[in-house]
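Respectively, the protein sequence lines represent chains A and U. Under this note's numbering, the residues of the first sequence are numbered 1 to 293, in order. Under this note's numbering, the residues of the second sequence are numbered 1 to 601, in order.
These are calculated hints, taken from the structure and not from any lab test. Each residue gets a CB set at the ideal place from its N, CA and C atoms; glycine is no exception. Mixed in with the good hints there might be a few duds.
[Claimed, not checked] Residues from chain U that keep clear of chain A, each with C-beta distances beyond 12 Å, as calculated: (1) L176; (2) T183; (3) W189; (4) A287; (5) A341; (6) E513.
[What the hints assert, rightly or not] Pulled from the structure, derived: some chain A residues nowhere near chain U, Cβ distances all over 12 Å: (7) A60; (8) W123; (9) A188.
[As the list claims (entries may be wrong)] Okay, the calculated beta carbon distance ranges per label pair: (10) A:V71 x U:P87: 46 to 56 Å; (11) A:L178 x U:Q156: 51 to 61 Å; (12) A:A182 x U:E411: 42 to 52 Å; (13) U:L98 x A:I141: 53 to 63 Å.
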Amino acid sequence: MLLQHVVNAISLGGIYALLALGLAIVFSIVGLINFAHGELMTIAGYTTLGALLFGVPFPAAVLLAIATTAVAAMAMERIAFRPMRGASVTSLLLTSFAVSALLKVIFQNGLSARPQPLAMPQWMTGSYQVGNVAIGVGPTISIVISVVALVGLELFLRRTVTGTAMRAAAEDFPVVRLMGIAAGRVIATAFALSGVLAGIAALLWVAQRASVDPLMGAVPVVKAFIATVVGGLGSLPGAVVGGLLLGAIEIGLDAVLPPSVVPYRDAFVLSGVILILLFRPQGVIPAATVRRG
Amino acid sequence: MRSALADSVAMAAAVLLIAVAAALFGSTSMQRVVAHAAVMLSAVLALQLFSGNSRIVSFGHAAFMAIGAYTVGILTLNAQLQHNALPQLPSFLAGLELSTWNALIIAAIVGAVAGVISGATLLRLSGSAAAIATLAFLIIVYTLLAAAREITRGSQPFYGVPRDAGLWVTALFAMLTLVITRTFRETSWGLAARAAADDEAGAIAVGINPRAAFFFPWVLSATLAAVAGGLLAQVLGAFTPHTFYFDLAFTLLVTLIVGGMGSSLGALAGLLATTVLIEVMRQVESAVSFFGLTQSALAIAMILVIWRRPEGLSGGLELNLLRRLGKQPAATVVPAEVKRANADVLRVAAVTKRYAGLVAVSDVSFEIAPDSITGIIGPNGAGKTTLVSMLAGHVPPTEGKIHLGETAVHETAAHRVVRAGLGRTFQNIRVFTRMTVLENVLSAARGVHSNVAAAEEAARRELARVGLLEQADALAGSLAYGMRRRVEIARALACEPTFLLLDEPAAGLNPAETRELMTLLAAVRKERGIGIVLVEHDLMFVMQLCERILVLDQGRLIADGTPAEVQSHPAVIAAYLGSRVAAKSLATSTPSLGAVVTESN
Numbered sequence: 001m002l003l004q005h006v007v008n009a010i011s012l013g014g015i016y017a018l019l020a021l022g023l024a025i026v027f028s029i030v031g032l033i034n035f036a037h038g039e040l041m042t043i044a045g046y047t048t049l050g051a052l053l054f055g056v057p058f059p060a061a062v063l064l065a066i067a068t069t070a071v072a073a074m075a076m077e078r079i080a081f082r083p084m085r086g087a088s089v090t091s092l093l094l095t096s097f098a099v100s101a102l103l104k105v106i107f108q109n110g111l112s113a114r115p116q117p118l119a120m121p122q123w124m125t126g127s128y129q130v131g132n133v134a135i136g137v138g139p140t141i142s143i144v145i146s147v148v149a150l151v152g153l154e155l156f157l158r159r160t161v162t163g164t165a166m167r168a169a170a171e172d173f174p175v176v177r178l179m180g181i182a183a184g185r186v187i188a189t190a191f192a193l194s195g196v197l198a199g200i201a202a203l204l205w206v207a208q209r210a211s212v213d214p215l216m217g218a219v220p221v222v223k224a225f226i227a228t229v230v231g232g233l234g235s236l237p238g239a240v241v242g243g244l245l246l247g248a249i250e251i252g253l254d255a256v257l258p259p260s261v262v263p264y265r266d267a268f269v270l271s272g273v274i275l276i277l278l279f280r281p282q283g284v285i286p287a288a289t290v291r292r293g
Numbered sequence: 001m002r003s004a005l006a007d008s009v010a011m012a013a014a015v016l017l018i019a020v021a022a023a024l025f026g027s028t029s030m031q032r033v034v035a036h037a038a039v040m041l042s043a044v045l046a047l048q049l050f051s052g053n054s055r056i057v058s059f060g061h062a063a064f065m066a067i068g069a070y071t072v073g074i075l076t077l078n079a080q081l082q083h084n085a086l087p088q089l090p091s092f093l094a095g096l097e098l099s100t101w102n103a104l105i106i107a108a109i110v111g112a113v114a115g116v117i118s119g120a121t122l123l124r125l126s127g128s129a130a131a132i133a134t135l136a137f138l139i140i141v142y143t144l145l146a147a148a149r150e151i152t153r154g155s156q157p158f159y160g161v162p163r164d165a166g167l168w169v170t171a172l173f174a175m176l177t178l179v180i181t182r183t184f185r186e187t188s189w190g191l192a193a194r195a196a197a198d199d200e201a202g203a204i205a206v207g208i209n210p211r212a213a214f215f216f217p218w219v220l221s222a223t224l225a226a227v228a229g230g231l232l233a234q235v236l237g238a239f240t241p242h243t244f245y246f247d248l249a250f251t252l253l254v255t256l257i258v259g260g261m262g263s264s265l266g267a268l269a270g271l272l273a274t275t276v277l278i279e280v281m282r283q284v285e286s287a288v289s290f291f292g293l294t295q296s297a298l299a300i301a302m303i304l305v306i307w308r309r310p311e312g313l314s315g316g317l318e319l320n321l322l323r324r325l326g327k328q329p330a331a332t333v334v335p336a337e338v339k340r341a342n343a344d345v346l347r348v349a350a351v352t353k354r355y356a357g358l359v360a361v362s363d364v365s366f367e368i369a370p371d372s373i374t375g376i377i378g379p380n381g382a383g384k385t386t387l388v389s390m391l392a393g394h395v396p397p398t399e400g401k402i403h404l405g406e407t408a409v410h411e412t413a414a415h416r417v418v419r420a421g422l423g424r425t426f427q428n429i430r431v432f433t434r435m436t437v438l439e440n441v442l443s444a445a446r447g448v449h450s451n452v453a454a455a456e457e458a459a460r461r462e463l464a465r466v467g468l469l470e471q472a473d474a475l476a477g478s479l480a481y482g483m484r485r486r487v488e489i490a491r492a493l494a495c496e497p498t499f500l501l502l503d504e505p506a507a508g509l510n511p512a513e514t515r516e517l518m519t520l521l522a523a524v525r526k527e528r529g530i531g532i533v534l535v536e537h538d539l540m541f542v543m544q545l546c547e548r549i550l551v552l553d554q555g556r557l558i559a560d561g562t563p564a565e566v567q568s569h570p571a572v573i574a575a576y577l578g579s580r581v582a583a584k585s586l587a588t589s590t591p592s593l594g595a596v597v598t599e600s601n
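Please model the complete structure; the sequences and the hints are all you need to start from.
This is the structure:
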């Protein structure tokens with residue numbers, strides 16, 4: 001039983017961590033809290049659905065979805081946020097809020113409001129035995145993919161020039177520009193990365209629910225926002241820790257709460273998380289520099 | 001303050017006019033639209049009271065409205081209806097059938113309590129993190145309302161609320177909220193919140209506790225939002241937790257941003273604009289079937305405003321009716337009758353500061369009496385900035401003690417050190433750019449004078465002192481560099497300090513401005529008997545102005561004496577030999593404070 005809960009907690013936490021990480025990368029570099037991150041998830045979900053309907057093989061559909069989401073994130077930056085460059089943190093936040101609202105309306109009109117089934121391949125839905133405990137294949141894959149994505153991101157940030165520039169930009173953007181690195185490229189890469197992470201997270205999320213709907217991104221992304229704040233706004237390790245923490249609290253409460261109290265779960269989760277902030281206002285792992293805002 | 005009252009009367013009159021017009025000429029549905037708009041105006045004003053003064057975006061106000069709405073709903077529901085709809089309602093809530101007024105008062109109290117509880121936590125966070133935390137608060141309240149089925153009917157519509165609040169009650173409350181919101185920004189709480197939002201370190205330097213500064217506006221605005229929610233319950237009659245969720249939070253924010261976050265006029269302008277927009281879109285929506293047309297129109301309106309006119313339709317400005325009509329009291333120069341500073345001494349005893357192995361300041365001791373001008377000099381990295389931060393109470397020393405009179409600076413919060421008698425300026429100027437010059441100084445003066453008129457008089461006196469009375473109503477952010485420096489000095493003086501701590505006051509000033517600054521400082525010292533302590537790189541400036549000079553090198557105090565003594569001190573010459581220019585100016589600049597003062601007379 002316990003093992004099951006741990007696997008579920010890490011797999012859910014992993015999804016939150018990927019989303020929170022995507023938010024944190026963008027925030028650390030441009031100071032934007034991207035409310036439209038949830039819509040990126042929706043784009044990933046429907047791209048997969050569409051590709052599968054057109055008979056694209058599953059692995060190709062997954063890659064296509066992730067690539068599309070990355071491009072969508074970059075397009076979002078180019079169209080909506082670049083004209084606002086240099087605007088205050090508040091203006092950026094509100095702009096993304098409006099972008100999110102617009103995209104929601106477009107999705108609700110362009111797509112059927114009803115959830116569409118998206119069947120995952122057979123081999124992902126089964127379970128396997130560890131001792132006498134049945135562990136889902138889905139959550140296990142989810143954990144593996146989250147770990148691979150995190151390690152991949154870490155390698156990118158440590159081993160490549162662009163990655164190094166991005167880490168530097170997170171601490172002090174003006175200096176990075178003085179070093180002769182094109183600001184546009186760093187920002188575009190940040191959005192692309194956040195899109196890739198949102199795409200992966202969306203697929204893992206969909207894999208566990210086997211359906212997509214126009215507002216599918218709203219709930220997990222709001223949780224991811226809170227994870228970034230708990231972890232320490234703008235701190236990448238903080239985002240991961242915050243995401244895992246949130247997943248653990250949620251699954252833990254699901255396990256221990258009596259059924260009559262379960263509807264209150266989110267209130268408990270968020271209150272608990274806010275209590276953490278009471279003791280660590282800068283987050284569990286504060287960002288390296290005090291960011292604007 | 002008079003200006004605020006005049007403005008709020010004018011704006012309230014406009015609301016009244018609309019209400020009267022609707023009552024006389026409007027159809028019933030028209031009157032309902034106006035009543036609904038009046039409630040939304042109150043809610044947007046409540047949001048403005050917090051977000052406009054603190055510059056923290058809040059998604060939580062929709063939640064306070066929900067709290068108010070359900071409170072009023074449960075308390076005013078007809079007993080029989082309540083029994084049918086909510087059979088499991090806890091008995092202490094059942095069958096109360098309170099009047100609208102009593103229910104609204106209780107909603108206000110519940111809102112205030114919710115504000116205190118949430119504010120104590122949320123406002124420990126800064127800026128964006130606080131905004132996200134208000135989002136969490138919105139979700140918490142929504143979850144609670146949807147889950148507490150016995151009390152709220154969960155996600156089912158809560159219906160049957162008596163629709164007692166018509167045009168007049170809603171308009172009256174909107175007018176009241178207008179007066180409160182417009183006046184609030186001029187009160188000491190409003191000034192403190194705006195100062196802390198503009199520049200946290202600057203706010204601390206005038207004795208404001210930035211963490212506490214946002215708390216009162218948050219609670220007050222939560223209270224007003226809860227009452228607005230209660231009225232909305234009465235206007236709508238039926239609602240669900242979803243009525244008060246993201247869509248409402250979004251609408252409130254858009255309305256405020258479109259009008260201009262910075263002022264109550266902005267909230268009013270925003271409400272008029274969005275009400276018209278929403279009503280037009282409703283008509284269009286009924287003609288073409290396109291889901292979410294209103295939401296997208298609002299979103300586009302907000303993006304356009306943020307992009308083209310970031311401060312909103314109102315430009316973030318208040319009406320300022322009196323100033324426009326030229327009824328502002330003439331800027332009279334008050335005779336410089338100021339209190340002489342007390343005789344508290346600034347004592348630094350064996351102070352050391354270490355940063356992770358690096359010793360920034362090492363075993364430094366000195367005493368400074370008031371009625372003096374002391375310069376602290378030293379090569380780069382000597383520890384001057386660290387010493388200043390410790391004197392101001394910003395950084396506690398690792399070892400040693402600092403006393404200002406009876407106050408133990410080393411264990412006192414920086415904003416309290418100000419109250420103990422230490423005014424300061426910053427190397428990188430920290431004026432409150434979105435406040436007027438007068439408000440900048442007033443934010444400091446209000447800490448000393450509880451009486452509004454006395455504080456305003458003191459603020460004008462300090463502005464006259466630094467020669468900025470003409471610019472009193474200009475935004476501090478619009479001033480030239482040299483003038484901002486003077487605003488900062490006036491602001492520090494308005495704290496009525498015993499000691500004035502200036503961090504590189506001459507940096508970036510041209511020779512003429514530097515000369516004026518010297519004259520000003522010498523005169524201020526003479527007239528008030530305060531102790532001026534300044535850290536400065538311009539050795540000429542220090543040698544001419546100061547009567548005593550402390551020299552730091554590598555964290556240690558290597559010399560303490562008159563300019564002449566310091567200039568011939570072997571250790572000082574050794575320390576400055578690295579820089580030929582500095583060594584030269586050290587050798588040639590002659591102490592001539594007397595000469596400067598005479599020249600200016």
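Tell me, in ascending order, the numbers of any earlier hints that this structure violates. none
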